[in-house]
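Residue numbers (my numbering), protein chains in the order written: chain G, 16 to 361; chain Z, 548 to 922; chain B, 18 to 177.
FYI, nobody ran anything at the bench for these hints, they're computed from the structure. One should not assume that every hint holds.
Stretches of chain Z that chain B covers, calculated by requiring three or more beta carbons in the stretch to come under 8 Å of a beta carbon on chain B [to be verified]: (1) 600 to 607; (2) 670 to 683; (3) 853 to 866.
Taking lysine-lysine pairs in the DSS-like style, the calculated list, with each CA pair at most 27 Å apart, reads [said to hold, decoys possible]: (4) K172(G) - K847(Z); (5) K755(Z) - K902(Z); (6) K847(Z) - K103(B).
Note that the structure is a prediction, hence the values are computed from the model and not measured. Think of the CB as a built atom: it goes at the ideal place given N, C-alpha and C, for glycine as much as any other residue.
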Amino acid sequence: MDLWFTNIANYIVQLLMSWGFPYFWADLILLLIQWMCVLAIVVLDVIILIWLERKAAGFIQMRLGPNRLGPFGIFQTIADAIKLMTKEDIIPNKVDKWIFLTAPLFMIFISVMLYLVLPIGEGLAVVDLDVGLLYFLSLSSLTTICVLMAGWGSNNKWSLMGAMRAVAQMITYEVPLILSLLGIVMITGSLRLSDIVAAQSHVWLIIMQPLALICYFIAATAELNRGPFDMPEAEQELTAGAYTEYTGMRWALFFLAEYTNLVAVSALFVCLFLGGWHGPFLPQWLWIPVKTYVVICVFFWIKWTFPRIRMDHLMSFSWKVLIPLSLLNIVLTGFGIEIFAWVRGL
Amino acid sequence: MSAEKATHQLPTDHYIVNVGPQHPSTHGGAHLQTVLDGEIIVDTVVKLGYVHRSVEKIAESKTFTQFIPYTARLDYLSGCLPPLAYTQAVEKLLDIFPTERAEYIRIIMAEFSRISSHLLCIGSLALDLGATTACIYCVRDREQIMDMFEMVGGQRLLLSFLRVGGVSHDLPENFYPAARRFIKELPKMIDEYHAVITGNEILQRRLKGVGRLSTEDALAYGVTGPNLRASGFDYDIRRDDPYGIYDRFKFEVPIDSGGDAWARYLVRVEELVQSARIIEQALDSLPEGDICAKTPRLLKAPENQDVYHHIESSKGELGFYIVGAAGKDKPHRLHVRAPSFINLQVLPMICRGAKFQDLITNIATLDPVLGEADR
Amino acid sequence: MSAFNWENIFTDLLNQFGEEKLQRQDSRLSQGIMAEAAIVPEVLCILRDQYAFNHLANLTVTDFEDEFEVIYHLYQIPGSQNIVLKSRIKRVSPNMPSVTELFPTADWQEREAFDLMGVTFTGHPNLIRVLLPDDFEGHPLRKDFNRREWQEVISGLKGD
């Protein structure tokens, strides 16, 4: 059961080769199929997630949440999606047209690209890059540029303020985000995500890197623009920040991208700290989704409990607390590795 | 900074943002023209009038009784308080004395209104700071009061239950257990607010030291109510100039010397407890009897006389100034001293130099209701 | 804080300003002074500084067909002692000295009185409309304000 998906992939490649395709082309077609699967997973995930978030929020706030369409309101998101797709696509007169129009497309494009390196199971990454972690981190910070494009292109004061905040937040939180992950790279000695997961077959890194876990989790929340760090959107202050001028499908794309990012970052979190596909009983390709959803629920929990942090507090928290902590983590990890090597050498 | 250094920097300019009149956090239709330097507020110009319904002009063409429903539309969040101020002002003018039972019922309703207004203030403060869940907690508890109002007057928000000389009808039987239950549960609710709002570190950092209003400034700008008490000035009209039968009840006036948003929040939470104390005493000693004094069908002012009557509304000193003309059933002039209107004057002052996000905090803690400010 | 003694306060004020500028106007419900418009800021200053009337609760204007009456409600807080200060001004181009310097709280209240009643408060730093739109014509709380005509204007039946 563990190898269902690898077997299917091998079968497809063999089938194509038996039809006379050279290996290169067969592999390319397989890649396309995988790409489609990723897209399907993303869309399906987002539909479930939006419903789940609204249900979770309802649970936390002692109300029901969506409960009209289908059992437990499960079709609510689908109805919303249909509504958004049929809505008029309003392009305000004074916007910077090309920037305004392409920002949501880039955003969703980048978000989907994140999935390419994520190992869903052993040997189940679409492309198992040897710099997978670096690729993931650099791409995920690219989404900020899309927010900036949306904010600048909208030609709206709220949007611009939201975009400025997004950029400031990204610059601030990118540093502890990367520094906190250095410890992991030091221990596993690789940037390839499947190597990092494979290294956790006995001990999950959550035990070895608790400090990095906390730093990364907070920085990732900020990176995702989720509450309590949802300053770029900040409905109560900036109306909707960078997304103020967007309607219909373009707005929905931002929404989609945000949830897609959420899933990707949570999945990375699982791969880095929670042992990835390792786990008892269930097949390995099921463990990642299960763990990812648990992490996502923690994100929900935090968002619906905390108020929004203030911009300057956010900055000072990162520079004065998170960055020193993640640097300390690197030092501690270094000592840890040396001591471990010394103990083993005895 | 030296001029030499300044030339090397990019020239910057101030940024004018119109917060409102369509903005989720202006509590109605306020329009705040905010001059920003980055995220720092340089100046705020408050523009009012988006909810102006010329209530004072309408009053001149309505009889004394007809005008009661309009008063409820002033501060629409504290149900019975504006009608209380108005009916008591008219009673003073016309020399009418309400019955004992009516006085007690009025106080019970007024204090419930205050609790509901404060709950919504705390809730919307939390909402404006991004804590949606805390808001829902407050609204959930306020719902109980709304249900009680519905039992009493058939209306949840704009209760026109008070009359000149008393109240329109008696409290229904099922009101008493509901009121008792609410009073009993209130400490538990407040514990919940402390857990979800007061204890939250992000919230504390966003409230402490924000929007500091000194006692002198508060007094000079005529700020009243919880906002004045949060600036460390001990003044509550219920205690210092008792109207109705407030002198018969024991309660404390919470004071905080902080003067910041945090103090304004804490004072409001503490006032919930005190209001509940008053209600409990009033329920215990509620006498039997008529609910409305014998008044003539058409109320007429006996003489050319003016009256100013003020009460401690949930927002501050709510005053009605009525000029009666001899033999007329309508006021010659009616003026509402709206606490929200006057409290809002300090907003530009306390926002200057603060972060943009503090503007939202300051509006929420000053707790203006624009229906009252614009009249 | 000097103890509240209405007789003393009034006698003191009377000695300073004289009978033609200051009359006593007590009623069933309030103790009051009727003062000439020009001395109102001075009277308020004395009441505030010497007699601790530290709270200008209310400031408003009433239209009595022939003249305007400007009313100040002063309180000693914390406490309940109060004085009503009134002043009558003529109805044609009404002028009243502003008291914003003494009581900053008068700022918006005077603006409101200017807005709705058309009383000009001289010396006010920013005397513009506060409730009505800037381009509004007339002062609606005046008794001679033509409501019907205004309704026609805003409903587009008349005017531009």
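Status of the hints after comparison with the structure:
1. Counting residues of the region 600 to 607 of chain Z whose CB lies closer than 8 Å to any CB of chain B gives 3, so the stated coverage by that chain holds, three being the minimum.
2. With a cut-off of 8 Å between beta carbons, the region 670 to 683 of chain Z has 0 residues touching chain B; three or more are needed, and the interface restraint is violated.
3. For the region 853 to 866 of chain Z, the proposed coverage by chain B is satisfied: 6 residues have a C-beta within less than 8 Å of a C-beta in that chain, meeting the threshold of three.
4. Of the supplied pair hints, the one linking K172(G) and K847(Z) is violated, its CA atoms being roughly 55 Å apart against a limit of 27 Å.
5. About 13 Å separates the Cα atoms of K755(Z) and K902(Z), which keeps this hinted pair within 27 Å; it holds.
6. Taken as a hint, the K847(Z) and K103(B) pair is honoured in the structure, with Cα atoms around 24 Å apart against an allowance of 27 Å.
Violated hints, listed in ascending order, are 2, 4; each of the other numbered hints is respected by the structure.
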